Amino acid sequence: DAGVIQSPRHEVTEMGQEVTLRCKPISGHNSLFWYRQTMMRGLELLIYFNNNVPIDDSGMPEDRFSAKMPNASFSTLKIQPSEPRDSAVYFCASSPRLGLAGGGDTGELFFGEGSRLTVL
Amino acid sequence: DQQVKQNSPSLSVQEGRISILNCDYTNSMFDYFLWYKKYPAEGPTFLISISSIKDKNEDGRFTVFLNKSAKHLSLHIVPSQPGDSAVYFCAASGDSGYALNFGKGTSLLVTP
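Chains B and E, in that order, are what the protein sequence lines are.
Each residue of the first sequence is one higher than the last, beginning at 1 in the working numbering.
Each residue of the second sequence is one higher than the last, beginning at 1 in the working numbering.
If you are wondering where the hints come from, they were derived from the structure by calculation, not from laboratory data.
One thing to keep in mind: the hints can contain errors.
To be verified - To give an idea of the chain E side of the interface with chain B (calculated C-beta under 7 Å), a few residues:
hint: 1; residue: LYS5
hint: 2; residue: ASP24
hint: 3; residue: GLY43
hint: 4; residue: PRO44
hint: 5; residue: PHE46
hint: 6; residue: ALA99
hint: 7; residue: GLY105
Bear in mind that the values here come from a model prediction, so they are computed numbers and not experimental data.
For every residue, glycine included, the Cβ atom is placed at its ideal position computed from N, Cα and C.
Model the full assembly from the supplied sequences, consistent with the hints where possible.
Structure below.
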């Protein structure tokens, strides 16, 4: 089975440009997470979706960041305009959760390989 | 504010010896704890977990211990192997229900 697929794997762009990161979760998983990894802050949760609905976006740094999940098999994280401090590795993860009121949830997330963003 | 803390950024251990990675948390609502392993240029992968109703969980060479009163957990790897060299992240959930809170990671180097 294919795992979580992210694209692009690497992106180098100039300050002020728009960046779009893409994610295809594992088929059948109904929760999707976007994390950002930096040396200073480690892995930070940016936003997560359950059944394509954003549940918690309190980790999104500012209005320049937006995320969508138009269907169960695709999500995007957009940064507009990008800044050098946005340089990081962005991970998408999915989880086969049973729903917000479900039980038996082990909390395990399945991560993609990440998108390394460099903003010059 | 970091709710999950891994205070050792790196650890070096000789092959065959025990590796002990530590993690502290501040949120008493956390009820599930996980360890993830990450190789360079790859995403983190799940390693082992423990529920707050237990104090130990073992899977082969990997054992996780949980001390709820101290809000502390540790991962023991014995015997350590060179292939265990990776960054290990501690994670916890329970407060917001489903989102995992991660520590900054500990880079483990196992030398031959």
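So, going through the hints one by one against the coordinates:
no., hint, verdict
1, LYS5, "violated, 10 Å"
2, ASP24, "violated, 14 Å"
3, GLY43, "holds, 3 Å"
4, PRO44, "holds, 5 Å"
5, PHE46, "holds, 5 Å"
6, ALA99, "holds, 5 Å"
7, GLY105, "holds, 6 Å"
Taken one by one, the earlier hints fail for this structure at numbers 1 and 2, listed in ascending order.
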